[in-house]
Amino acid sequence: MTTTQTPPSDTTSTDDDFMAGELPTRRQDKLFEGITTGAGILILLTLAGVAFFLVQKSLPSLELPAESLPNAEDIGGYTWPLLFGTVYSAIIALLLATPLAIAIALFMTHYAPSKLAKTLGYVVDLLAAVPSVVYGLWGIFVLAPFFVPVYDFLADTLGWIPLFAPVVTPSGRNMASAALVIAVMILPIIASVSKEVFLQTPRLHEEAAMALGATRWEVIKTAVLPHGRSGVIGGAMLGLGRALGETMAIALVLSPTPGLIGFAVFTAQNPSTIAANIALSFPNFGGQERSALFATGLVLFVATFVVNYIARRIAGESTGY
Amino acid sequence: MRMSMRSRALTAITLSSALVLAGCGGDSSDGDTETDAAAEDSSASEEMTGSEEMTGSEDGLSVSGTLNGAGASSQAAAMQGWIAGFQEGNPDVTVNYDPVGSGGGRETFLSGGATFAGSDAYLDADELAASEDRCAGDGGAVDLPHYLSPVAVAFNLPDITTLNMDAATIAGIFAGDIANWNDDAIASTNPDVELPDLAINPVHRSDDSGTTENFTDYLTQAAGDAWGYDVIETWPTEAGGEGAQGTSGVVQAVAAGEGSIGYADASQVGDLGTVAVQVGEEFVEYSPEAAAKILEVSEQATDRPEGDFAFDLTRDTEEAGVYPIVLVSYHIVCKQYESQEEVDLVKAFMEYVQSEEGQQASAESAGSAPISQNLRDQMTPVVESIATAG
Amino acid sequence: MQKSTPGASLETNKLSPLQLGGIVAVALLIAIAVSLPVPGTNVTMVVLLAGVIAVVATYVISRRVEGRRHAQDRIVTGLVTASFVVATLPLISLIYTTVSRGTNRLDMEFLTGTMRNVVGEGGGVSQAILGTLIITGIATVISVPIGILVAIYLVEYGRGQSLAKGISWLVDVMTGIPSIVTGLFAVGLFTAIFDPGYRSGFAGSIALSVLMIPVVVRTVEEMLRLVPMKLREASYGLGVPRWRTILKIVLPTALPGIVTGVILAIARVVGETAPLLLATGLSDEVNLNPFDGRMASLPLFIYNSYITPGVTVQASYDRGWSAALLLLILVGVLFGLARLLSAALTPKGLK
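Line by line, the protein sequences give chains P, Y and V. The C-terminal position of the first sequence is numbered 322 in this note's numbering, with every residue numbered one higher than the one before it. The C-terminal position of the second sequence is numbered 391 in this note's numbering, with every residue numbered one higher than the one before it. The C-terminal position of the third sequence is numbered 352 in this note's numbering, with every residue numbered one higher than the one before it.
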């Protein structure tokens, strides 16, 4: 199509076109295109600004005197346990949430009646809309105490596995509780992406399987899941990105031990996460020390960037997400 | 240096209040040339009503304007009480206190971002030198110990409300060396208590805190070899235990789990059992009075400017009736400020804070220990001498 | 119950709904019986246990009666349904907790008062409500025009251009930025301009905008792509220039979807706490000036009432829960509004 047509004469009487008389349509169009392009470039500038300020503000951390950082010699020693905690909590949450999310997506697409499925979709969306600070309060007052007996049971029976090693913290403010809360928070993300890909399963494949006398599960196993695999993985990666950056819920629920790297999920000693640590330490860190928080923020920014990039590469192949 | 928005607004407010005061016969020596700019900027502030009539109150003349402070979160609860009490007496005043932490507060103060600072530590020599640049005149700043709070060692054991412990035992528990409640070290000082066979879950502050610093200072001074981690702001990873954010986090964590023990501002421990600490031959329960006594047995720091009240606490004292685990938090103010308005506000606020009424207000809002009459009498002339330069 | 004979056809040996119900009922009874002697059990754990027993029992029975394949199908059905129930439990528990604890303080004083001069009990959150409205409002005013313009660029002008591809990719990157990082960005930006202690509502709005813009771009983009090409071509055919076609034809057609998307984007950021914690801070009293001084907000108020409750802990927790309830209601209303609008305004022909 062409954009350089001159307006027909029968529309020149309107006010807008009076202005058009002063400014030729072609230039108006160019101007508007310029404005929209400018907005696009603003995105670029914003991201450049984010990167710039994170880098600029974290540079002083390289020269921080050792005693100014809690339980760490230098900025590397400070960041590494936090990065570990961030990735560790996110991966546990992901392992908890993904199977559940797939099940939910299957339930909405293949089990529930379509009217019910729609309502259920809203419920899942609502789960995503609850502010994380409310999840945090709920986690510390309801979820953590609720799961303490479960932790006790697991630590008693399976305590020989390092993951479940005792002693269970009586308050329940441990890695397991934090991961459970994040799992609840990322569930809707993974579920909704999975739902989209499951809905896109070619009808023909499913009908062919059914015609062969397959049960519903066999249809899902042979047609739906293979088709949706990359989409589910992409959705999980998106959930992972969200889990890495989750702040308030972890800040409230997790009992952090600065500088610790450890795998036990029930004990009172837990590695903290980058985001939660920034939120908790920022008010107490002045000037130079603050640069350490910016440095960890930069690491988090890069980490989520990489994860999201991979997620979209994978999910994009199957859904165009 | 570029003038910040906030401090411009502050100037606007203080200048406008200066006009009001000048109109009432007060003496305003500077600021006339800036009035126009101030009037323009003043649209940025909502607290603009200066009081035309001088309402007399117990504190003398009522002042108006905005006073900004920043600093230790330990005294944030006390500050709530002080601000509420002060603002009730001076309805046209807004006092802001930004709980940015002790270090942040001193930094903000020294860079001119706040009129006063709250800090758990007094200014060190470098900061004292820096304060001479920050403050008007050449007097620098002084430390005033306005907030005194006993730190309780609180535990959660069914049916036990108090336990006697010496410093070494407390250190052993928090270092993880004493792991069970029926340990001999605890039993020997509590012959009449039936201790349960239960794992001890020590809870500590996970954030940098003055409370941790004061607590470990006590352990370092009084427990000898039992505490091997020195005076620290951040809990060492190797010492183990459960970390919790802030005083409330510690109290919550202790209350949530049977067998837990933690240290926290005494005012917030609620129904939890508390430890009576061995001092000399007796065991002392925390109380505001016992906590206030620590300043009487402690030495003032040496090499300080005139009018400064920095204390080095003697926590291994054997003086009867002294509770040694105490957090002292200072207010750091200049001896001289640029403007009369700043002087009026700071002076009125600090006078209120260290008055009997003010100390009572913080005792109610934060459970702090009122400082002694003797100390108040010593500090009063210092606060009264705050003035403009020249 | 029918006797199962090996080799019998699948159709004759099916478990009836009644039989399945029986299995569930028995499982529940067993779970209760087993749990009762154990100290510290509660309803949820009994239900979970009953679920596990029911699934296992169904599998065993179905395998004997219906054969392996159908047994597998049944167990998957059971697991999928159970998963869904499990997934909704947190939401139910969360809403129940917030409502039951949040109604303690939902009175007039709470809605209209402030925290100025309040020590201990009482106090209100009008300053936080106003702050949240101002901060989110400014973020919306910034994000919506930018978001719409960027989407127009991507859909209408940038097709095939490498710049557009790059920007589209950057929008994806922006979607993934953790909220705390946007807070750091705002702090970095504003402390570079003003003093190191600078905090304001506007700084918070900027941080929220960084979170909001990509969401708006993606929604609007999706909606613009739904507008049929024919509509544009018809407009061009009449000689209407491209920019007017976009503003007068394409945008109005996509408007319901855009409005819905914007409301959902608002609902997403209105509860953000981390950026405001860094960039805005908290205030006890009403501050209507977003450019000067700290400003209260509901999410940070909630966080703060837990972190620094003062001496009267319960009063502070009560305020926190009531503020949480207010925030949930706000999010819920925004959500409901978006749904209603999308249902009511969607033009026929566009799903």
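A portion of the hints provided could be inaccurate.
[Unchecked claim] Computed, partial: chain V to chain P, Cβ under 8 Å:
(1) Ile62
(2) Gly114
(3) Leu190
[To be verified] Heads up, simulated DSSO-like pairs for lysine-lysine below, C-alpha to C-alpha not over 27 Å straight-line:
(4) V:Lys249 / P:Lys31
(5) P:Lys31 / V:Lys166
(6) P:Lys119 / P:Lys222
(7) P:Lys222 / V:Lys15
(8) P:Lys116 / P:Lys31
(9) V:Lys249 / V:Lys231
(10) V:Lys231 / P:Lys31
(11) V:Lys231 / V:Lys166
Simulated from the structure, these hints should not be mistaken for lab results. Think of the CB as a built atom: it goes at the ideal place given N, C-alpha and C, for glycine as much as any other residue.
Restraint status (C-alpha distance of Lys231 (chain V) to Lys31 (chain P) at most 27 Å): 23 Å, holds
Distance restraint between Lys249 (chain V) and Lys31 (chain P), which requires alpha-carbon spacing of 27 Å or less: Distance ~17 Å between Lys249 (chain V) and Lys31 (chain P) Cα, so the pair holds.
Satisfaction of hint between Lys31 (chain P) and Lys116 (chain P), Cα-Cα up to 27 Å: Violated. Lys116 (chain P) to Lys31 (chain P) sits at ~47 Å, over the 27 Å cutoff.
Satisfaction of hint between Lys166 (chain V) and Lys231 (chain V), Cα-Cα up to 27 Å: 24 Å, holds
Holds or violated: Lys119 (chain P) to Lys222 (chain P), with C-alpha atoms at most 27 Å apart: 23 Å, holds
Interface hint compliance - Leu190 (chain V) to chain P, C-beta minimum distance less than 8 Å: Holds, about 6 Å.
Straight-line alpha-carbon gap Lys31 (chain P) to Lys166 (chain V), limit 27 Å: 20 Å, holds
Pair hint Lys222 (chain P) and Lys15 (chain V), alpha-carbon separation not exceeding 27 Å: 22 Å, holds
Satisfaction of the Gly114 (chain V) interface hint, Cβ to chain P closer than 8 Å: With Cβ-Cβ at 22 Å, over 8 Å, it is violated.
Holds or violated: Lys249 (chain V) to Lys231 (chain V), with C-alpha atoms at most 27 Å apart: 15 Å, holds
Given hint Ile62 (chain V) near chain P, where the shortest CB pair must fall under 8 Å: 16 Å, violated
This entry does not satisfy hints 1, 2, 8, going by the numbered hints stated previously.
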